[in-house]
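A.B. asks: One-letter residues, chain by chain:
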Amino acid sequence: GIQVEQSPPDLILQEGANSTLRCNFSDSVNNLQWFHQNPWGQLINLFYIPSGTKQNGRLSATTVATERYSLLYISSSQTTDSGVYFCAVESTGGTSYGKLTFGQGTILTVHP
Amino acid sequence: DAGVTQSPTHLIKTRGQQVTLRCSPKSGHDTVSWYQQALGQGPQFIFQYYEEEERQRGNFPDRFSGHQFPNYSSELNVNALLLGDSALYLCASSMINQPQHFGDGTRLSIL
Chain E
26 GIQVEQSPPD LILQEGANST LRCNFSDSVN NLQWFHQNPW GQLINLFYIP SGTKQNGRLS
86 ATTVATERYS LLYISSSQTT DSGVYFCAVE STGGTSYGKL TFGQGTILTV HP
Chain S
8 DAGVTQSPTH LIKTRGQQVT LRCSPKSGHD TVSWYQQALG QGPQFIFQYY EEEERQRGNF
68 PDRFSGHQFP NYSSELNVNA LLLGDSALYL CASSMINQPQ HFGDGTRLSI L
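Read top to bottom, the protein sequences are chains E and S. Mapped onto my numbering, the consecutive letters of the first sequence carry residue numbers 26 to 137. Mapped onto my numbering, the consecutive letters of the second sequence carry residue numbers 8 to 118.
Simulated from the structure, these hints should not be mistaken for laboratory data. Every residue gets a Cβ at the ideal spot worked out from N, C-alpha and C, and that includes glycine. Some hints here could point you the wrong way.
Derived CB-CB ranges, DEER-like [claimed, not checked]:
#1 Asn86/S to Thr45/E: 38 to 46 Å
#2 Lys20/S to Pro33/E: 32 to 40 Å
#3 Ser72/S to Asp52/E: 27 to 35 Å
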């Protein structure tokens, strides 16, 4: 099945700093989503971005499908950005339809 | 517009028991997927239901079964519970070829 690797595994920032999270995947995808999981376990949709670039406030994401990677940018980080960021993909393979495969996540800690 | 709702929020069971978790999809969504998230791991796909049929299944034993009702709500059943079944169980709903939206999960503890 498709492999998803996220980097870095851990990231510690001071409030106000910028960061880039990376997601590499091993096969073609027809769905790629970025999520933020807060300390209470809630998975919050950030972006649905199988290709191209999107922006939402201080967050933006870019997926280069032909090179099989996606980047999540966080600018002017705040303490409320802390948590785990997951990349999840759905392979174009017929047996993977509807199945999201998650990476191991990036644990982000933002200090005041 | 209510999002994906799951019940119960927390559950404690003992080994060998059976459990049923419930999920109501977001309004307008017809597809429900279930995931298991162990501590410190990313969610793992269990199965997906569409039109009351299991459409996709992940690498989980037959002790894990499910059902989808005509109103698109879904249940996840786990029989003969093991200590290793302790996890956060997440339900996601979607429309075909659209992003999946997750509920807040059910935290299951096995004693």
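A.B. asks: Take the hints in turn and mark each one as holding or not.
C.D. replies: Taking the hints in turn, this is what the structure says about them:
no.: 1; hint: Asn86/S to Thr45/E: 38 to 46 Å; in the structure: holds, 44 Å
no.: 2; hint: Lys20/S to Pro33/E: 32 to 40 Å; in the structure: holds, 37 Å
no.: 3; hint: Ser72/S to Asp52/E: 27 to 35 Å; in the structure: holds, 29 Å
The structure shown violates none of the earlier numbered hints.
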